[in-house]
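Okay, so the sequence shown: first residue is 1 according to our numbering, each after it adds one.
Hints in this document: simulated from the structure, not taken from any laboratory. The structure presented is a predicted model; accordingly, all values stated were derived computationally and were not measured. Backbone N, C-alpha and C fix where the C-beta goes; we use that ideal spot for every residue, glycine too. A hint or two may mislead.
Quick list of simulated restraints, FRET-style, between CB atoms [said to hold, decoys possible]:
{"hint": "1", "residue 1": "S98", "residue 2": "L30", "range": "32 to 42 Å"}
{"hint": "2", "residue 1": "A70", "residue 2": "I14", "range": "20 to 30 Å"}
{"hint": "3", "residue 1": "S98", "residue 2": "L18", "range": "41 to 51 Å"}
{"hint": "4", "residue 1": "D94", "residue 2": "I24", "range": "39 to 49 Å"}
{"hint": "5", "residue 1": "L18", "residue 2": "N105", "range": "39 to 49 Å"}
{"hint": "6", "residue 1": "S64", "residue 2": "G22", "range": "14 to 24 Å"}
{"hint": "7", "residue 1": "L23", "residue 2": "R60", "range": "15 to 25 Å"}
{"hint": "8", "residue 1": "D94", "residue 2": "I20", "range": "22 to 32 Å"}
{"hint": "9", "residue 1": "D35", "residue 2": "S57", "range": "12 to 22 Å"}
{"hint": "10", "residue 1": "Y41", "residue 2": "I14", "range": "11 to 21 Å"}
{"hint": "11", "residue 1": "L34", "residue 2": "D94", "range": "38 to 48 Å"}
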Amino acid sequence: MSWKRIYLRYEFWIGMVLAIAGLIHLLQRLEVPLDMIAKTYWPGLFILVGVMQAISSRYRDPISSGVLIAVGTLLLFFKSGLFQPQDLPNNLLDTLRSLLRGLLNRTG
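Using the sequences plus the hints, can you model the full thing?
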């Protein structure tokens, strides 16, 4: 599977435009201001591409879909103010390192 093939197909772009338009329409019906929608443009794009890739039968890649959705969600939390960098623990790198070590030791 080639990564660039999905972006060359017109079905992908039609689906992307419809998904973005549907999301903006839904947010406007929920009375979310346009400036707030504009602030969440990039996180929303990451999440939409991840979801569209996850539900696609031809271009499904669970790892990259999960990464796209996770990155989009984190960006959304940072931009909306729900999660601030000062909320991160001081020993975050050590915690991530030990978590990865534990996961890798279980699979090995």
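Hint-by-hint comparison with the structure:
1. In this structure the hint that S98 and L30 lie 32 to 42 Å apart at CB holds, the actual value being about 41 Å.
2. The hint said 20 to 30 Å for the Cβ distance between A70 and I14, and at roughly 26 Å that hint holds.
3. Distance hint check for S98 and L18: the Cβ-Cβ separation is about 43 Å, which falls inside the suggested range of 41 to 51 Å.
4. For D94 paired with I24, a C-beta distance near 41 Å keeps the hint of 39 to 49 Å intact.
5. The supplied range of 39 to 49 Å is met by L18 and N105, whose beta-carbon atoms lie about 44 Å from each other.
6. The supplied range of 14 to 24 Å is met by S64 and G22, whose beta-carbon atoms lie about 23 Å from each other.
7. Here the CB-CB span from L23 to R60 is close to 21 Å, well matched to the stated 15 to 25 Å.
8. For D94 and I20, the hinted distance range of 22 to 32 Å is not satisfied, since their beta carbons lie about 39 Å from each other.
9. About 37 Å separates the C-beta atoms of D35 and S57, a value inconsistent with the hinted range of 12 to 22 Å.
10. Checked against the hint of 11 to 21 Å, the C-beta distance between Y41 and I14 comes to roughly 20 Å, which is consistent with it.
11. For L34 paired with D94, a C-beta distance near 42 Å keeps the hint of 38 to 48 Å intact.
Going through the hint list in order, the structure does not satisfy hints 8, 9.
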